[in-house]
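**Student:** Below, each chain spelled out in residue letters.
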Amino acid sequence: MAATVETIEQVEQLGTEKYKYGFVTDIESEMAPKGLSEEVIRFISAKKEEPEWMLEWRLKAYEHFKTMEEPDWAKVEYTPIDLSDIYYYAAPKIKDRPNSLDEVDPELLRTYEKLGIPLKEQEVLAGVVAVDAVFDSVSVATTYRKKLAEYGVIFCSISEAIKEHPELVKKYLGSVVPYSDNYFATLNCAVFTDGSFVYIPKGVRCPMELSTYFRINAENTGQFERTLIIAEEGSYVSYLEGCTAPQRDENQLHAAVVELVAMKEAEIKYSTVQNWYPGDDTGAGGIYNFVTKRGACRGDSSKISWTQVETGSAVTWKYPSCILQGDNSVGEFYSVAITNNAQQADTGTKMIHIGKNTKSTIISKGISAGKADNTYRGLVKVLPGAEGARNYTQCDSLLIGDQCGAHTVPYIESRNPSARIEHEATTSKISEDQLFYCSQRGLSEEDAVSIIVNGFCKEVMKELPMEFAVEAQKLIGISLEGSVG
Amino acid sequence: MALLEIKNLHASLEEEDKEILKGIDLVIQPGEVHAIMGPNGSGKSTLSYVLAGRDGYEVTEGEVTFDGKDLLELEANERANEGVFLAFQYPVEIPGVPGMTFLREALNSKRKYHGEEELDAMQFLKLVREKAKALEMGDDMLKRAVNVGFSGGEKKRNEILQMAVLEPTLCVLDETDSGLDIDALKIVADGVNALRNENRGMLLITHYQRLLDYIQPDFVHVMAAGKIQRSGGKELALELEEKGYADFTGKAA
Amino acid sequence: MPNDMANDNALLKAFSAMHVDGAPDWFGAVTAAGAETFETLGLPTNRTEAWKYTSLRGLGGLAFAAPSADLEPVEIPRDSVADIKGIEIVLVNGRLDESRSALDNLPVGLAITPLSKAMERDGGAVKHALQDESAIDGLPLAALSTAGITGGVLIEVARNADIAKPIHIISIGTAGDEPVAFAPRNVVWVGANAKATLVESHVGVGEGSYFSNSVTHVTVEDEAIFHHYKLQNEARSAYHVAMTHVTCGEKVIYDNFALSCGSKLARNEIRGKLDGSEILYAVNGVYMAAANQHLDNTTFIEHAKPNSQSREIYKGVLDENGRGVFQGKILVQRPAQKTDGYQMNRALLLSRKAEIDSKPELEIYADDVKCSHGATVGELDDNQLFYLKARGIAEHDARNMLIEAYLRDALEEIRMDSVAQAFGAKITDWLAERAKREDAAS
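Chains as they are written, first to last, in our numbering: chain A, 102 to 586; chain B, 27 to 279; chain C, 112 to 553.
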């Protein structure tokens, strides 16, 4: 009786509310011709009014890309991407990049408002978070630039940085992820369109959280953003990244590259809440999220910390990594990956220990529901010179339902006798006892699953900045809707 | 109107075709405290699970009316929100979920169910601290994950705290005395006694008479082989303490 | 690459040259299928995921030949072989030495038959095992071995039989001027409710190289108990690649322990299919590598039915430029609910040039399971070391004591005392050799 009503309500909700970012913004776009070619690359470079060296770098990457094959080692299956059927550049038609927020197209502002991203500096999070908003291929607005400039912090789109800070970009772009690194990264080098650039000068503790919000809007487009963050000696920055896309039946490619450089005693904290459109429950549509993220702890006692909550995308292929070059440097990876319905995720990290007394921590929580597959794949490598290196890895998987899969594939390589590496992994399910206990206290089954899964992920969630944590918690609940009962 | 009325209740485990409850009849009026005593395997815990709506049990015959509603038609969480509370014999651990968060979710579920405003974090904190004080539970215990790393006594106190916060109209306490030393038993019993009032009914399920020294029942029932074999006042408990369950099971318990 | 192809062909030729006397017609199809599969797959490189850490490139540079048709008249190198009193079966360069093998007067319930004779009987366990395509599918070295089976035995333990004395297969490789390649093939069938123990000693005589590429099929029927222990103590220039296929029925107890200390390069691979409920399956081992040695232990455990348990603990020490590889995978199929799987690899690096590569893997499709794995790489425990030193023991001695204790602890997993002792002696030998090296260096 009551149960039937509830079920109907649930089903109704699923249809409409499941992916609440699925709307499309009606805005006129300017596109590059479809497909991948030298002309398209020249077109992008020209649109961005790039200097010659940038174009040359792109073309070098493109030449290399033509010799490469799409990798197939990840435990994901998908319809191959037809690179000739993608628009590599789509930008909302605006005459010039606005000088102030007042000049930003109100339609765009409304879009970000709907997404819950404050582009107006006076809003709730005012003074706490500065935002760079990337819409399809271009950055449409960056907030708080003036305030940050007072501290010497540069926070702008990478397109602007190429023009305004070429010496920095030239020095660091491709220094962590070289143009020949891997198939998707090399493609990104050739066609990247926009992304964020952050420079924190020596000794500066960035006064607010920096954030980029990525939005794919146009049809048949790929998003190839490029982010570069440089933290000079003794500096600190916390950076947040969020992403959504409209609900479409086709698959869209997102192939980003993120490079982080931390100098002596610098610290970079990079957090991601990834909520690209995951496709429907039959597996139609959704984003292919093939991302290369890597940080170099160049200086002694530097630290890079990756935190990710991955709930979206049809297919995720992503391994945020740390190269621990400086002595006593620290790498951290905290990850929650949730796959439901037909989603697939193959994600993890690489910790490369080069310097002495380098430390790394890996905490990975994989949750698989529906017919989804969730794989943790990680490498811990200790080179001969990494005297006293330490790694601790904990990978826990949770299965919800008996049609999904959870996999753990760690690679552990050590060449130093004083190194200590510990790896632990477990796989379990939500027990009937836990579910009954929660429902006896009045919680619906969905709420019970949500609260138990949030508990399971707690070690990772507590690493998220406050502003993100609440949103991420809700997201976990939403991602698992319809997974039980 | 009776608070709880159980009529000829038969139930079995879904997986095995074995009847465990073989015709239970029981009426609890508002304000009454009933104790069900019985040897192991008599079906006491099954009765509590069937009342709370745990999956895996099949009611084959009979009916249960709670507050005028057909209880068996409701899902477990709906029964809880209607006011049925089960204090577990073995409270379940939920790693990573702070006790406060859990309890707030539970209370707000109930409030939402009854169309009331949800409490915010501050209002809730105030409420819980008040109730916790009486049970000698400090903030540190409330912050820890639900039942994780709790001693037996702490788990049972935590159950009573939840009961105090959720203010149910029917409390079913399943072997609440098990695993408690005498000091912990006193604290728990005081907590339960403080919750007795003219609107609330209680059903204590226990193997030993000991608990009933601290929580005085109005009625005592002896359960064996899936049936209530005898009912009486609290003197029945003392008689059982002396003679054991042998009369009801045919062997010494 | 053409060079690789040439190497592949040379290897295939060395193995294809062998044959088993008096083999029935179907056997020709089996070896042909082996050759074809190997040709398709080729000799694996580091790009093959299953061989990521073990390169067989060294094999290509050596011209292997099939062993001569006559049995080499070699003494059994008793110092190298596991010291146990067992029912002995002797293979020399992969050929069965019938004169020194116990084929008659065996305990009631035990039958040991030369592979060639067993084939003639047809239709039995041998045919079933050899025709099993899954034994070579995607497994290039097992396919290569199948292309040139040298010889071996069929061991049958009858239903309900309890064979107290261990069966001991001694496989000897002769390292002469011309390196030989051979492919022993043993088939073991343990009947329902039977109980038996098999020990394998793989040893060599002489200096120089040889290549032993064996495949063993083990079928353990319902409720049987089978202990399976292996000592790999090949000549130090030899190559040893061994594949063991294990299939377990309902309520079987199977436990495997592999001690590896010989050879230049060894790959010990055990693939177990838990095709029943309430199985207790254990694969454990110790590996000890010194100069120029590469020891690979690869295991695959497939839980196909509900309610079984698997346990796996490997421990390694790597000295000088020795390299250890551990790859373990537990696959839990959808029907295998209530599976309980545990896997652990521990490695100690004793030298700055040593290396360990570990890949413990879980692939799980059933939701109600308890699976965990772990891996540790590291130094000796500082607290223990300090404790010993505080009791007056010199650092050097304290270290050796702890290394020995660490390795010996693993022997607890061996359920037969005599085997644990025999294997323990090999650990002692290895540590003594290491101590000698250290003395020489200081």
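Bear in mind the hints are in silico, worked out from the structure with no lab data behind them. Hints may be right or wrong, so weigh each one.
Simulated crosslink set (SDA-like; lysine to any residue; CA at most 25 angstroms straight-line) [stated by the list, open to error]:
#, chain 1, residue 1, chain 2, residue 2
1, A, Lys530, C, Glu389
2, A, Lys176, C, Arg463
3, A, Lys530, C, Lys449
4, C, Lys547, C, Ala402
5, A, Lys176, C, Ala415
6, B, Lys138, A, Asp548
7, B, Lys159, B, Asp239
8, A, Lys530, C, Asp550
9, C, Lys481, B, Val118
10, B, Lys253, B, Gln115
11, A, Lys530, C, Lys228
12, A, Lys575, B, Glu104
13, C, Lys547, C, Arg519
14, A, Lys559, A, Glu433
15, C, Lys163, C, Asp550
16, C, Lys500, C, Lys449
17, B, Lys159, B, Gly141
18, A, Lys530, C, Ser388
19, C, Lys228, C, Glu160
20, B, Lys181, A, Glu546
21, C, Lys449, B, Glu104
22, A, Lys148, A, Tyr273
23, B, Lys253, B, Arg80
24, A, Lys472, C, Asn418
25, C, Lys481, A, Asp503
26, B, Lys260, B, Arg226
What you are looking at is a predicted structure, and each value in this text was computed from that prediction instead of being measured.
**Student:** Hints first: check each against the structure and report whether it holds.
**Tutor:** Here's how the hints hold up against the structure:
1. A:Lys530 / C:Glu389: Holds, at about 21 angstroms.
2. A:Lys176 / C:Arg463: Violated, at about 35 angstroms.
3. A:Lys530 / C:Lys449: Holds. Lys530 of chain A to Lys449 of chain C sits at ~11 angstroms (cutoff 25 angstroms).
4. C:Lys547 / C:Ala402: Holds, because 14 angstroms separates the two Cα atoms, which is no more than 25 angstroms.
5. A:Lys176 / C:Ala415: holds (21 angstroms)
6. B:Lys138 / A:Asp548: Measuring from Cα to Cα gives roughly 13 angstroms; hence the hint holds.
7. B:Lys159 / B:Asp239: Holds, because 24 angstroms separates the two Cα atoms, which is no more than 25 angstroms.
8. A:Lys530 / C:Asp550: With a Cα-Cα distance of about 54 angstroms, the restraint between Lys530 of chain A and Asp550 of chain C is violated, given a limit of 25 angstroms.
9. C:Lys481 / B:Val118: holds (18 angstroms)
10. B:Lys253 / B:Gln115: holds (21 angstroms)
11. A:Lys530 / C:Lys228: Not satisfied, since the Cα-Cα distance of roughly 52 angstroms exceeds 25 angstroms.
12. A:Lys575 / B:Glu104: Holds - the C-alpha atoms of Glu104 of chain B and Lys575 of chain A are around 23 angstroms apart, at most 25 angstroms.
13. C:Lys547 / C:Arg519: Distance of about 20 angstroms is within 25 angstroms: holds.
14. A:Lys559 / A:Glu433: Roughly 16 angstroms separates the two Cα atoms, so the pair holds.
15. C:Lys163 / C:Asp550: Violated. Lys163 of chain C to Asp550 of chain C sits at ~36 angstroms, over the 25 angstroms cutoff.
16. C:Lys500 / C:Lys449: Answer violated: Lys500 of chain C to Lys449 of chain C is near 46 angstroms, above 25 angstroms.
17. B:Lys159 / B:Gly141: Not OK: Lys159 of chain B and Gly141 of chain B at ~29 angstroms, beyond 25 angstroms, violated.
18. A:Lys530 / C:Ser388: holds (20 angstroms)
19. C:Lys228 / C:Glu160: Violated, because 38 angstroms separates the two Cα atoms, which is more than 25 angstroms.
20. B:Lys181 / A:Glu546: holds (23 angstroms)
21. C:Lys449 / B:Glu104: At roughly 31 angstroms apart (the allowed maximum being 25 angstroms), Glu104 of chain B and Lys449 of chain C break the hint.
22. A:Lys148 / A:Tyr273: holds (23 angstroms)
23. B:Lys253 / B:Arg80: holds (20 angstroms)
24. A:Lys472 / C:Asn418: holds (23 angstroms)
25. C:Lys481 / A:Asp503: holds (14 angstroms)
26. B:Lys260 / B:Arg226: This hinted pair holds, its Cα atoms lying about 19 angstroms apart.
Violation of the numbered hints given earlier is confined to hints 2, 8, 11, 15, 16, 17, 19 and 21; the remaining hints are satisfied by the structure.
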